[in-house]
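*Asks:* Residue numbers (the working numbering), protein chains in the order written: chain A, 1 to 254; chain B, 255 to 508.
Keep in mind that the hints were calculated from the coordinates and are not lab data. Positions of the beta carbon are idealized from the N, C-alpha and C atoms, including for glycine. One thing to keep in mind: the hints can contain errors.
Taking CB as the label site, the calculated pair distances span [claimed, not checked]:
1. A:Pro120 <-> B:Gly431: 54 to 62 Å
2. A:Thr124 <-> B:Ala305: 40 to 48 Å
3. A:Ala83 <-> B:Leu502: 54 to 62 Å
4. B:Ile406 <-> A:Gly225: 32 to 40 Å
Residues from chain B that keep clear of chain A, each with C-beta distances beyond 10 Å, as calculated [what the hints assert, rightly or not]:
5. Val283
6. Leu390
7. Ala407
8. Asp414
9. Leu415
10. Ile443
11. Val461
12. Met465
13. Arg468
14. Gly484
15. Ala488
16. Ala503
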Amino acid sequence: MTESAPSALTSAVSVRDLTFSFASGDPILNNLSLDVERGERVALLGPNGAGKTTLSLHLNGIHEIQAGSVSIGDLHVNEDNLAEVRRRVGMVFQDANDQLFMPTVREDVEFGPANLGLSPAERTERANEALEAVEATHLADRAPHHLSGGEKRRVAVATVLSMHPEMLVLDEPTSGLDPAGRRELADLLVTLHLTQLIITHDLPFALEICPRSVIISNGSVVADGKTADILADTDLLAAHRLELPFGFDARRAQ
Amino acid sequence: MSAGHTANLFIPGDSLLHRMAPEAKLVSVVLFVTAVALTPRQSVWSFAVDAVLVLVLLGIAGFRATQVIARLAVVLPFIAFAFLIPFIAGGEQTSVAGFNLSIEGLWGTWNVIAKAVLGTATSMILAGTTAVAALLRGMTRLRVPAVITSIIAFMFRYLDLIVGEMGRMRTAMTARGHDPRWLWQAKPIASSAGAMFVRSYERGERVHAAMTSRGFTGSMPELNTAKASGRDWALAAIPPLVAASGALAGVLLV
């Protein structure tokens with residue numbers, strides 16, 4: 001799928017002129033517009049404080065929309081359809097400890113389906129399926145706080161997969177993972193045939209799994225294109241406080 | 255920082271007591287301890303029977319003698335006080351190793367020690383054979399309000415993290431030469447307590463956002479539906495009945 005191909009269907013995500021500021025202070029998001037097509041994996045890059053997380057929290061209605069609009073598929077995010085929006089958009093938060101709060105992994109994975117009003121049998125089925133997808137079936141009865149970082153991250157992904165979302169939003173999924181955990185996460189994400197928006201500072205990770213990247217800076221989109229092209233543009237990266245690891249060449253890594 | 259599993263009193267196993275439904279165990283423990291507390295202090299034989307029963311149950315639960323002693327140590331601060339009673343209580347006196355002791359006071363000491371040790375040992379059995387998750391399910395089925403069970407669940411879930419954070423903060427202070435010995439050096443401790451409060455509060459907000467994004471609307475879904483069997487209740491009735499008979503015999507006979 002290329003980003004320029006016209007789609008007969010509506011986009012997976014359509015953000016139009018989104019502006020947001022906290023009660024006091026400068027706007028965090030400034031007339032931000034962004035479209036993501038179905039099935040795309042898009043990296044959301046940008047310096048700290050650029051508004052990446054704030055944008056992501058608009059996608060399933062955690063932040064109320066102050067100005068502009070957000071659509072998930074054919075649905076305009078508003079007060080009346082929050083339940084459906086939250087089912088469609090699976091958020092994987094930066095700190096897995098914030099996401100995993102039930103006494104056992106299984107109960108955590110069943111939390112979302114339970115909120116959707118599914119029967120216990122359906123919840124169990126959803127949980128089994130989601131845990132299998134992230135290869136964490138053996139962790140089902142463990143307490144989330146006794147898992148390793150990589151296990152926590154995979155289980156966190158399972159807690160939203162069990163809601164059968166249409167897209168995933170992952171906030172810095174590689175932070176705090178060891179190299180093998182990071183590798184397993186990359187392998188997992190490419191097997192999930194869902195639209196994915198991945199907020200990250202890990203540029204090689206973006207290059208590896210996201211064909212398209214978007215740079216957000218000062219609350220607006222400042223670059224949008226093929227990840228390889230964006231990462232090869234050293235001036236662009238430098239202008240937005242982004243840096244490749246020492247010795248890394250985005251062209252040659254392809 | 256190695257996360258000390260602060261509140262992990264559970265002893266893995268598959269004994270009769272492990273398999274018993276948590277709500278039956280909870281009711282049994284509360285009734286047993288109540289009966290023990292109501293037993294007249296002169297009824298020494300009743301306490302002996304209770305103690306034998308508790309020892310048998312500790313054995314069934316798979317406690318090692320060293321574990322029993324180590325965990326019983328939590329009562330020491332309480333019973334230390336009880337040893338003062340014979341010296342300060344009035345009434346008839348007796349002489350032991352050159353000390354004048356109050357007979358009334360000696361009975362008081364015995365009363366406190368017997369009941370404290372039995373009560374503690376009983377709750378050790380409950381904690382040793384029931385995982386926290388199961389305990390919470392049992393409380394839910396006993397109609398303990400969801401607010402209470404949720405508070406306990408969250409407290410248990412985040413205790414390790416908070417203790418870990420506190421430890422890291424203390425290490426960081428020590429690493430910069432902080433070595434509190436006097437009261438006037440307490441200021442950094444006070445401000446780190448304040449910082450802990452703010453951090454915990456902020457974590458609470460993030461956890462809530464993560465819950466909301468999975469469709470949480472204010473009430474915890476009931477996840478597990480298996481209930482205590484008649485056999486569980488029958489078995490659970492035995493300890494309270496034994497203790498109640500002892501208490502009654504004590505009231506009637508002594």
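*Asks:* Does each hint fit the structure? Answer for all of them.
*Replies:* Here's how the hints hold up against the structure:
A hinted range of 54 to 62 Å holds for the C-beta pair A:Pro120 and B:Gly431, which are about 56 Å apart. Take A:Thr124 and B:Ala305: their Cβ atoms lie about 43 Å apart, and the range 40 to 48 Å holds. Taking the beta carbon of each, A:Ala83 and B:Leu502 are about 56 Å apart, inside 54 to 62 Å as hinted. Taking the beta carbon of each, B:Ile406 and A:Gly225 are about 51 Å apart, not inside 32 to 40 Å as hinted.
Residue placement check: B:Val283 keeps its beta carbon more than 10 Å from all beta carbons of chain A (closest about 20 Å). Its beta-carbon lying about 6 Å from the closest one in chain A, B:Leu390 breaks the requirement of being farther than 10 Å from that chain. Listed as a non-interface residue, B:Ala407 fails to keep its Cβ farther than 10 Å from every Cβ of chain A; the least gap is roughly 6 Å. Non-interface call for B:Asp414 relative to chain A: violated, since the shortest CB-CB distance, roughly 5 Å, does not exceed 10 Å.
Distance check for B:Leu415 against chain A: the nearest CB is about 6 Å away, which does not clear 10 Å, and the non-interface claim fails. With a closest Cβ-Cβ approach of about 25 Å to chain A, B:Ile443 is found to remain outside the 10 Å limit, as its non-interface label requires. A cut-off of 10 Å between C-beta atoms contradicts the statement that B:Val461 is not in contact with chain A; the least separation is 5 Å. Not every Cβ of chain A is farther than 10 Å from the Cβ of B:Met465; the closest lies at roughly 7 Å, contradicting the non-interface assignment.
Listed as a non-interface residue, B:Arg468 fails to keep its Cβ farther than 10 Å from every Cβ of chain A; the least gap is roughly 4 Å. The claim that B:Gly484 lies off the interface holds: its Cβ sits roughly 22 Å from the closest Cβ of chain A, which is beyond the 10 Å cut-off. Separation of B:Ala488 from chain A is adequate, the least Cβ-Cβ distance of about 27 Å exceeding the 10 Å criterion. Non-interface call for B:Ala503 relative to chain A: holds, since the shortest CB-CB distance, roughly 41 Å, exceeds 10 Å.
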